[in-house]
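Asks: Given next are the chains, with one letter for each unit.
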Amino acid sequence: MMAMDRRQFLKITGWSALLGLGGKTAFQWLAPGEAEAALEQATKLAGKKWGMALDVTLLDEEIMSKCIQACHAYYNVPNIGNSKEEIKWLWKETYDHSFPGQENEYLADKFKRRNFLLLCNHCTNPPCCRACPTKATWKREDGIVMMDMHRCIGCRFCMAACPYGARSFNWGDPRLAPKALNPNFPTNSEIPTRSKGVVEKCQFCAERLAKGQMPACVEAANKIKPNAMVFGDLEVPDSDIRKVLRTRYSIRRKPELGTGPNVFYMI
Amino acid sequence: MLDKALKGSPIYWGWLIVLLGFIGTGFLVYLYQFQEGLKITGMSRDVSWGFYIGQFTYLVGVAASGVMVVLPYYLHDYKAFGRVTILGEFLAVGAITMCLLFIMVDLGNLPRLLNVILYPNPTSILFWDMIVLNGYLFLNIIIGWNVLSSERKGIHYPSWVTPLIYLSIPWAFSIHTVTAFLYAGLPGRHYWLTAIMAARFLSSAFCSGPAILILFCLIVRKFTRFDPGKEQIRTLSSIVAYAMILNVFFFLLEMFTAFYSQIPGHMHPIVYLFSGLEGHGKLVPWMWTAACFAILALLLLIVPATRRNEKTLILACISVFISTWIDKGFGLVIGGFIPNPFERVFEYWPTLPEVIISLGVWAMGFFVLTVLYKIAVSVKEEVAV
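Residue numbers (my numbering), protein chains in the order written: chain B, 1 to 267; chain L, 1 to 385.
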């Protein structure tokens, strides 16, 4: 197989784009499967069904803020500065609003006063992927619910379909977010910034997994409190995540909807 | 037949110019939206569909209601409707034009529109909605045009049109059923997650569409030498009456399920719409307006004397329009998003640019409709002479 590095790949796709041929043709230029193989070579962390378990007792306000910071910095998620157009991949929410329907007025104070870290649940049966008219959001074989921001037409059907409020829409141009709030934007030159009019959300750090790294939030949390967040393959019986889920009681958001959320909250 | 659209009275031309003014203004404001993004609308992270999708939903109903004149005429051989079927079909064409435009102005990235065809996803209801809406548009254009031009020549329409006419009947039901499925299949949106949604959509469509058609028939009679006919209007008014009764009945069924079961998720959107939730109640006066007009419409339509009197019938039709427009073009979409998936209340209100763009789309629909009606009515006048 001809070896192909990132530079060559970009060259070929770049030229074909200039010639007005589009991305699909670029792939046809290469031998079938070559581009995929080139990407696969780099993959270090592979899984069949990625999942995340959050230890609620360890995740305090400070750690959660650090996680959000790490996530939004890695993915160039700007602070728009108004809640109406807010873009969030990872955020905090109280118990009542994280688990509506399970609220209880006599709930233990430690839960009542605590915030929970919310993100896309990378559902086993994701309603957003069902709803998308262009397959701009789809479920990968490793379980990640992925977004193609270059295909998304901005119809926002996925946002109506998601019962977790995990999707954000770029109501304006995110590159024009207030400089005062985003002095170093874009914070990560490896990740493309988005254009206005497309939907985005947490993608379980697929780009980091491909390089053999843990998701940014997991890394940030565990740096402060080891095992505060456990990320791993739910299909592998002796993976770390399966081990903790076997021993700890965990809850999920709105499991009754049949979406099969893969983010677990150990309480 | 297009030549018929090029000869008209000063009123006709004046009206078209007024519409062009609205279209032009709407288009300019759309360019501004295209530049700035949808942030110029009232929509938000929490209420991610608004006025545009509401108008779209309402107008799909108006389009589908064309079948209320097509079905009796072609399936039941109810001859009287021969005079008005073309008006119903062209009303559908105008309404679908607006539907497609409302979807387009709502997209975050319009230039990528064709991705729906290039990368179709058959599990997406929006993909199927695109198929049925475009199909219905073409069916109505082909059928309407051929039947009308044959009428002009004094011959029977070509036989190949007949299967298309039969096809257009279930097709009309399908467009509004599929549109209801956009909403009724989403987990976690309590106000929409109801099996009766498609039935509600069809009933409200079959009262609002024919109500609009009655008003248009009366306008046509006033401004042209073509009279759509007394019997036709009388039959249409009965259709409006039955459909409106069903529409209100279905809505009350929703009420019963929500408030007898007392399941908070089922009650919250309705409470928000009719009495406000957690101190937020922007839609409350609107929903009560809709309710009052629904009651007025029912009274005027059920009492035979007021239904048969054209003056009170006009009032009834306007009431049906206002009531169903608020309920479906506004409350239905907004109510589905409030409270949001976190059970928090964030309200929505359309902005001025959003309203101007919407007016532009309505004007575009009326422009198409006016031209088509002008052609239809000119042919009818010509044949009558």
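Honestly, I wouldn't trust all of these hints.
[As the list claims (entries may be wrong)] Some chain B residues near chain L, calculated using beta-carbon distances under 7 Å:
#, residue
1, 156
2, 159
3, 247
4, 251
[Claimed, not checked] To give an idea of the interface, some chain B residues facing chain L are shown, with a C-beta separation under 10 Å as derived from the structure:
#, residue
5, 80
6, 86
7, 105
8, 108
9, 130
10, 132
11, 134
12, 153
13, 162
14, 169
15, 185
16, 192
17, 196
18, 210
19, 212
20, 226
Honestly, the hints are just simulated from the structure, not real lab data.
Where is the CB? At the ideal position from N, CA and C, for every residue including glycine.
Asks: Now tell me if each hint is right for this structure.
Replies: Do the hints match the structure? See the list:
1. A least Cβ separation of about 5 Å between residue 156/B and chain L falls short of the 7 Å threshold, and the interface hint therefore holds.
2. With 7 Å as the threshold, the beta carbon of residue 159/B comes within range of chain L, its nearest partner Cβ sitting at about 4 Å, so the hint holds.
3. Interface restraint check for residue 247/B: the shortest CB-CB distance to chain L comes to about 30 Å, outside 7 Å, so the restraint is violated.
4. Because the beta carbon of residue 251/B sits about 16 Å from the nearest beta carbon in chain L, more than 7 Å, this interface hint is broken.
5. Annotation: interface hint on residue 80/B holds; nearest CB of chain L at approximately 9 Å, less than 10 Å.
6. Interface restraint check for residue 86/B: the shortest CB-CB distance to chain L comes to about 5 Å, inside 10 Å, so the restraint holds.
7. Because the closest C-beta pair between residue 105/B and chain L is about 13 Å apart, greater than 10 Å, the hint is violated.
8. The interface hint given for residue 108/B is broken, as the beta carbon of that residue sits about 20 Å from the closest beta carbon of chain L, more than 10 Å.
9. The closest approach between the C-beta of residue 130/B and any C-beta of chain L is roughly 5 Å, which is under the 10 Å cut-off, so the hint is satisfied.
10. For residue 132/B, the interface hint holds, since its Cβ comes within 10 Å of a Cβ in chain L; the closest pair sits about 6 Å apart.
11. At its closest, the beta carbon of residue 134/B sits 4 Å from a beta carbon of chain L; the interface hint therefore holds under the 10 Å criterion.
12. For residue 153/B, the shortest C-beta to C-beta distance to chain L is roughly 5 Å, which falls under 10 Å, so the interface hint holds.
13. At a threshold of 10 Å, the smallest CB-CB gap from residue 162/B to chain L is about 7 Å, leaving the interface hint in force.
14. The beta carbon of residue 169/B comes within 6 Å of a beta carbon in chain L, closer than 10 Å, and the hint placing it at the interface holds.
15. The interface hint given for residue 185/B is broken, as the beta carbon of that residue sits about 17 Å from the closest beta carbon of chain L, more than 10 Å.
16. With 10 Å as the threshold, the beta carbon of residue 192/B stays out of range of chain L, its nearest partner Cβ sitting at about 15 Å, so the hint is violated.
17. Because the beta carbon of residue 196/B sits about 4 Å from the nearest beta carbon in chain L, less than 10 Å, this interface hint is met.
18. Contact between residue 210/B and chain L, as hinted, is not supported at the beta carbon level, the nearest pair being about 23 Å apart and thus beyond 10 Å.
19. Checking residue 212/B against chain L: minimum C-beta separation of about 31 Å lies over 10 Å; hint violated.
20. Residue-level restraint check for residue 226/B is violated (minimum Cβ-Cβ distance to chain L is 30 Å; threshold 10 Å).
Violated hints for the displayed structure, listed by number in ascending order: 3, 4, 7, 8, 15, 16, 18, 19 and 20.
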